Amino acid sequence: MVLPSSHSRAGAVADLRYSILSLVAQSFRGNTAWRPVWREPEPKPAYDVVIVGGGGHGLSTAYYLAKEHGIGSIAVVEKSWIGSGNVGRNTTVIRSNYLDHANIPFYEWSLKLWEGLEQDINYNAMVSQRGVLMLYHSDAQRDALARRGNAMRLNGVDAELLDRDAVRRLVPILDFDNARFPIHGGLLQPRGGTVRHDAVAWGYARAADSRGVDIIQNCEVTGITVENGRAVAVETTRGKLHARKIGLACAGNSSRVAALAGLRLPIESHVLQAYVSEGIKPLVPNVITFGAGHFYISQSDKGGLIFGGDIDGYNSYAQRGSTPMIEDVMEGGVSLIPTLSRLRMLRSWGGIMDMSMDGSPIIDKTPIEGLYLNAGWCIGGFKATPAAGWCFAHTIARDAPHELNAAFRLDRFAAGHLIDERGAGAQPNLQ
Amino acid sequence: MVDAASNKPARAAAEFAPVRQTAAAPSAASPYRLATGGIVDRSAPLLFSFDGRNYGGLRGDTLASALLANGVRLVGRSFKYHRPRGILAAGSEEPNALVELREGARREPNTRATVAELYEGLAAVSQNRWPSLWFDCMAVNSLFSPIIGAGFYYKTFMWPASFWEKLYEPMIRRAAGLGRAAGMPDPDTYEKAFAHCDVLVIGSGPAGLMAALAAGRAGARVILCDEDFEFGGRLLAECRDIDGRPCAQWAGSLLAELASLPEVRMLKRTTVFGAYDHGVYAAIERVADHLATPSPHMPRQRVWNIVAKRTVLAAGAIERPLVFGNNDRPGVMLGGAVRAYLNRFAVKPGTRAVVFANNDDAVATLLDLAAAGISVQACVDPRGADAGVVRAAAQRIGTRFVNGAVVRARGGHRLRAVDVSAVAEPWHKLTFPCDLLAMSGGWSPSVHLSSHLGGRPQWSDALAAFVPGPLPRGMSVAGAAAGEFGLAACLAGGAKAGAEAAGDCGFAAKPVAMPGIGPEPIGIAALWRVRAKRGKAFVDFQNDVTVSDIELAEREGFRAVEHLKRYTTLGMATDQGKTANVNGLAIMAELTEKTIPATGATRFRPPYTPVAIGALAGHHRRKDFKPTRLTPGHAWAQEQGAVFMETGLWLRAQYFPQPGDNSWLDACNREVTATRNAVGVCDVSTLGKIDLQGTDAGLFLDRLYANAMSSLPVGRARYGLMLREDGFVLDDGTVSRLAEDHFFVTTTTANAARVMQHMDFCHQVLWPDLDVQFVSVSDQWAQYSLAGPKAREVLQKLVDGQHDISNTAFPYMAAGEVTVGGGVPARLFRISFSGELAYEISVPARFGDAVIRAVVAAGAPLGIRPYGLEALSVMRIEKGHVGGAEINGQTTARDLGLERMVSSKKDFIGRVMAGRPALLAPDRPAFVGFKSVGDGAIGAGAHFLPVGAEPSARNDEGHVTSVAYSPTLGHLVGLGLLKGGSKRLGEKMRAYDPLRGRDTLIEVCSPVFYDPEGARLRA
Ligand SMILES: Cc1cc2nc3c(=O)[nH]c(=O)nc-3n(C[C@H](O)[C@H](O)[C@H](O)COP(=O)(O)OP(=O)(O)OC[C@H]3O[C@@H](n4cnc5c(N)ncnc54)[C@H](O)[C@@H]3O)c2cc1C
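Protein chains in written order, with the working numbering: chain R, 283 to 713; chain F, 26 to 1044.
In isolation and in its complexed conformation, chain F is listed as follows:
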């Protein structure tokens, strides 16, 4: 057994070995369960397993309380030294008891046993140990702790340099980390929800309940959230009377009233984890984590975005551990947690106890322990005269009171005794055998959400705690979270905050009577560490940060609170230092002999407790990551056996394979050839489409496009080029004039949204005075391109007879409204991307499917073929049109050989900046075509190098943007951006592509490979 501090671990093991349950009789024999009391359901026994053993628990248990009920004390191992660890707390602040919950694809590493609600069949295993929890080889690390203290890794592992990745780092990585990811896709689903309210109340302890009640009675829309699976907060864990009734009962009747108020919404199992600007709070609701698996159609968790006019933070307080030697032994527990296990879960966390506290909280712990029949060996308090009430309570239950401190815990896997040093006789060490130490270093208000927006908590000497500082707008704080530690103060503070919050929202407060409560002591004298050098004294349990680490940080100058955190990793563990931060800071203050406020205050960051990444993603995963946009002709294309590809959010037909094809290239070649020789049809519905109307529409377009649009006659279309403000090309497309004050614009598929955004910006911000209205109609119109020498013939069969679409009546670049198929409204544009005689026909989306079928039926006798994106792209390269690879945001109109489109007669966006000297430099890469010399392969992304030049950045002359095999020409054709551009026609260059091991000779030529005179598209 490797455990430095335990001399007789074997005996301890035998004494405290967990009681094994048989499947047949699960809960009856839970040896540490009290016969009465608590809010667990003794009629609902549940079977669960931990590390492969079966145990019994009750409905209402957490995994932690159920383990304690079965006498399981050793639950985990620490991060660095692999120290045996038990259960410290009873809530979400737990640093030690982390387990892997569930199995297979549902495995959740690092789950705190203290918040895992027990369900039938729950399976958990311990983590970060090998080979077993009881015997963990990595515990040898403890022996090296003087060497591997805070930040040791910054000082070593440097030699030789190459060993870092090969040896040191893999070793460290394997040892580090806590639990294991499932490694499989998550079978569960998640949801996002939005809510608006007047008053958001965070926390349902005495303050939160009163706040919700006061605001709810006033009529405000209230949302009450609590992270627990029962409302009531500390009222569930304490043995107090309110109005003469046990406090849990009193809470019950209050909850019943809240439930009856129609404007009050109560969300339990819901942690408000972040405060954001403008009154937005994010919360996570664990909808189905208390079930083995979610019911059908039930999300596992739901993320809420709650927009609240006012917020009452009533998140309570977190108890601080005391810092002394071996204070991490299983069995050392927070006093408040001890009471929670006794009073709420009816579980005895031990059989022989010692109480150690620096504050009056010990009174309740002493009395509750005694009431549960646990013998209390001693009550240790460092305070002298101030500890009067504690001394009296100890006397009352017949326990010895020692004015002193616990200096060391003994035991290994289990607490066996504590060594106490009394103030009166410091030389004389007292030892008290025990298996439970209930400690309390005082309470820290849960100020986290108050500081998410940057407000620093402020130190209160009287309370020995940080209280909220400047608050987010709309937030108030009540109860223990505000440093009001007494129950009466919590109730009053909550009621006041709730009434005020409702009042701020315009709801007149209704009276809320204050219940009667007995007095209670809340005295405290700060004790940040017990100064005795015996055993490791832990400050951050999970990250194994000890007092020596903080001393080292101080010595090395890491004294600012953030340096302390980052250097020692204090507060960086999965509990975010909930139990550690204040102690660590205070110890640093002691060491530097500064006050705590002068040392600093930690700023908290969201989330309050860790949140499942999947919950934040909601439904947006796998195929639903982003919406899938389908064109109206999609079903038809599917029937044709199209292979689809993602283009932005769209699925587009890439090509239409046929039996016997060897590859996509066969299909592509066939489609190109059919189009060039007869006729092809392509679904271009994905183009961005914008409809503009208004008397200033032409002027508006003049300012947006580099070329003039107001001069466009009605019934004509024009190719348009749009620049960004900085003079680079934004997009190209077509503009058609359907009437004097009515234009129809198409954009590229890729830039549809961007162009619309740009237009909106220009209209709303730059020229709101222009009379122009526009709307995106991309989804409203299905659009098909009909291309090829027989395109008109096909079209004539479809367009209703009254429309003359002959070459003279409807020439190249004509545009107009027609009807097809006997009255279906359509828009016809004689524009061509392919270089053939071509039309684009646009019909309302609901006719899209019918029209594509009609087109194909009409074209069948003429040999029509559908073509996909591959063929489209081959034809545009053959024709030398620029596409997305050339309009890449880095090219100007000049670069693309489009300067003739840029008007010099008018002003437009981008004109001035396009004239910057460097953009006019003659050696900028410019648009060229090239063809292969020989038969080497070429890929887009290859760079142009002079023949014979050494491959280097200096010799880089540009790059290949697009390449295709041209079935029309029988060789590779390509486009690129080359320094000097069209001045270099005929030169031989290399397309250099070391990534793919290619280096191919090419010849620079005009980018227009096909029909340079444009005779075909005018035919």
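If we strip away everything but chain R, and leave its shape as in the complex, we get:
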């Protein structure tokens, strides 16, 4: 079998540069010149790299493989439409306010990539750095956040410890007077914020497509062919695709897809719900995390309040949750922000989380040659999208992890090199 070593650029179509000028110019021509943001190519029989999973991580990996490593022939195969998984279901919070020195530089690199993303991919994903505030309600919580904030500062990351008055000036709508767990203060990361999640998938898809990446939708991987310890092809609902290298970026479905190659992952799948309110005029200025309950919130540019809490707590592949967690989250919400009470929850949904055994991700090679793994993102992989793609691309292209993801090893659980931010242990429903 002959694999094509370089890819003939298949005439990417999203070549119209986006800007206010192009918008105005197109409006005079009846907006008829806009072209598909990505092509819909037929799968080819062979690629240099096949990425399984058209979520944020899969698409960004493909983009950086093409851009940073000059790999010519890349396909992203997605079982449904791109962005149908967690990248289109999350609550869009980005931040690098981590505790562990293995995590902070990675998430900080991600934040830096977010900061330059729109210019890089010429797509406005509405990266909005309006600050992430984690509240504390006791001296013990303050001390833990101080430890975290200082760890961030040691890594050159922005962090500020606010007292109660400073929090009140920042977000006066919180309950400062009647709370069961009074707010004592908060840890603020001013550079944290939110990003429009769908736009991340579309923007990366467009940028990857314009570098020749084939994005193949409605193409489910149903098998991984392993010959002599080496992964050589994926079987899909649209035929068999040979590949020199195969990268898995399947988030909630990681365990199932890895099992196709006979791998058993240290991951459980759990459901996490999220909620959006009806649109209202600006109310919540930044991202706020309640320290005394499972609740965090931000407001989208469209006006909807976007909020969530903890995972439902049982293993599931169904993208839906149940009422006890809904009520728990609403209780937290109304307790933190009393005026939420008369606003209405408009929609709720669930996504499947790939919960790892220490709450931190895996970006690594696998025991099977040519097969690479990006998984274990738990409830927080959206913010990682740029860096995860960047590091995964590096790991695939160079056959070795980058310094930034060197700690995210698959074998760390056996060795004990855990990255357990919460100290919850190997119990995914607590991570």
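The set of hints was computed from the structure by calculation and includes no laboratory data.
Among the hints, a few may not be true.
[Claimed, not checked] Capping the alpha-carbon separation at 27 Å, the derived lysine-lysine pairs in DSS-like fashion look like this: (1) R:Lys394 to F:Lys180; (2) F:Lys535 to F:Lys521; (3) F:Lys334 to F:Lys535; (4) F:Lys535 to R:Lys349; (5) F:Lys334 to F:Lys293; (6) R:Lys563 to R:Lys361; (7) R:Lys326 to R:Lys563; (8) F:Lys561 to R:Lys563; (9) F:Lys619 to R:Lys361; (10) R:Lys522 to R:Lys394; (11) F:Lys1008 to F:Lys956; (12) F:Lys191 to R:Lys394; (13) F:Lys191 to F:Lys180; (14) F:Lys191 to R:Lys563; (15) R:Lys349 to R:Lys522; (16) F:Lys217 to F:Lys648.
This one's a predicted model, so the numbers in the text were calculated from it and none came from an experiment.
On the provided structure of chain R, position chain F with the ligand as indicated by the hints.
Okay, now just chain F with the ligand, sitting in the frame of chain R:
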């Protein structure tokens, strides 16, 4: 006037200006109210206001019907283009008529006027407009619509990057959003309730009523819910006869029978909003929303969790708008809504009408309009020969029938005319003046709840609609929700579904006679959009999604239904696309030349209609967010003036201030000193307590704890260390052996539940064969710590004489049962956290208050002082005990310097994993003490850096876990986790704390600052 499509708005304004009411004569003059008919109560006039003007309405009105009765047509503005909008529908699907209802702290933005039940004094204002509803500056947006079409924001606002947060985004945010939040705490209360039933019937239209009746007569426990404030569904809105009686009357007698059935519970104003696994349905009951304010002790709303064996979904259908130019003008209304306003509310929604439909529903609309005396200018139908019944109906009422389509509505704030293109003469445009257009694009079954668990609706070409696909277990669908559009079919389908559901629950069906109904036509020919490029043709009214937006989405490749939704925001508004989704999908199918099923089907997500967040929270808010746990000694501590702090759910005394104290530190120092010099008492009732009995109790504890417990002699206590399965420390506490097969365990306050859970798991899952029973007794025992050189003296006054508690009879780490105060049972443990001679005494909770008072009285002559958590914590730091900051889930026994407690002779949970190589690495941060050098401040959370090293992650050597000022030693003492741990005693380091602007020199030392030999606690 900024309104692209209206050439003479001023005239329109004058012609149709709402009639202003005076407070004195509210309803009499409602100019559009019919003299007879409807189910409004003409003897109950109500006064209400909209945008500051007073109007009159009737009991039984919605805000929408009352506004229409007063001639108010302009009610809102759209989201993006700020187009003037009126009332489209008569139910919860309304996309346009959103208002801010109520005032002050009770303000509810985005309330649909079509479901807001009128009450005396109702006040509503329009929203998302400035400066006024009539003149809204933001309507200029319309002019830029070619630029600001679907997804325009993804293509611009990128330069320069820093402008996004500073300029573009604030601008967008201010413009976006709909109504305003109250900004104040909600004065009302909410409730949660649970119910179980055999058959849940959702919807009380003809199908739902028959289903409830069939199941109810069979004897099943039935719950019937309807979102409306009257039962009957479409029967209230239509002019049909059933069994020779008007259908609303017929429904009345059926409802009377249902009310008489003891096992049938009827919940009106109750929307079933979500279907969940295992037959759970969530519903919201609007208990008091039809009142100005809830009566005392009445919740505003109640959330139900209904567990149903079987469910009949009879939620009816939602009418679709037709898509043509300016189809959003106030006065363009759904045909079914027009009939509802005429027949149910006795309101004329206009004076001159045109009917435009692609289905036989137009027949009823034509006849009802004529019956109400509204002149119908034309009846427009795109169907040719198939429209026979409609043509005949038009003829009957003397209306011109046009085989064609409305291509454009004219008017600005108010519909003035429609342009019609006839099939026969497409070049010749007809214009019909009118102020009401009754349109119908066909009906979409309300399949929402059928798809909440993932079942995709299926397309029916015959009905031109989605019908329910795979159903949640236990659900059946009846009536219009199942695509049975004829009344006879609804009644029959409902009766059948109800009987079957009851049958499945074991109730034999009793016969339900089918009433007699005349025939009715239900023909339809799909018309998804009128292809004429004149004016904006709206698909999603609220989010201003037009046909051009869908065309753009198609052009750009957003063709999958979910891409279409997300890119254009179709169906993402507060109405969740109830009137928009099918049209949008069908237009995409046309554009891509695919079938509708090949294009996709929307999956619906809960809730069916938006639900107040406060209702879902129920009572759990403010101080009641979580239960507050108080110890038996709480009242006593309060009397002593204690300052309390939250520890988990508990309130614990933090310190006991006295007059003259400058700060909490004065109190804390005093309490420490008193304890160290004389005696102090502290309420430690919050510790987790678990009582274990059984012949295998010792073995069980051996497996749970890292150290051995079965070897513990009766009458002795031991400090215990528990690991998680993964080898990290879970908790520490004490284990006492009260008898051969009886142990008493304490855990930390923080981990009480977690340890109990862990024990339950281990016993139930890992070792069910062990003979051990255990129960949490945390709340059953009050426990006090008596510490200090005079502790024994105090205790001797309390413990009954027959118990010898001398140092020889009751030495350090003794434990036993005693009595106090003349026979009160108690448990005494000679354990010490403070490092002093100390006891913990435990009494049944009901004696807790008396005993603390007795202790203090007995100790008074010896100088006893109560001490709080601050002093407790200072003394444990002085003594070098690990606490919550050290047992943080990330530390091993080795890290904490507790490896000598870990048995090598037995197996226990966590042993294997604790041996993983990285957990044995010599450079893991380990437990040390430190003291300040000089007088700089130090806070927990500071990191250890070598002196002179550049602050960086690479140089980070650990962190400060606990710090306190030691009144005993006269300087700061601290604990921390430092790389290399005890190998570094004597080294100078920095406690680096940039967050608080501190960088302080410290010296590493042993964590045990006080009485390292332990002489005092053995005294
Ligand atoms: C409710 C919720 C809230 C969240 N909030 C946040 C947040 O605020 N901040 C944050 O950082 N993170 C958040 N997350 C987590 C974050 O969304 C995920 O960690 C991240 O999106 C996962 O990476 P991804 O985008 O590549 O995943 P996905 O988008 O899930 O991509 C995986 C893709 O793989 C595809 N796939 C699966 N199996 C196959 C197969 N056999 N063949 C082909 N394709 C396949 C799936 O269809 C899917 O499209 C949240 C998640 C949820 C559900």
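Hint numbers not upheld by this structure, sorted from lowest to highest: 4, 6, 7 and 10
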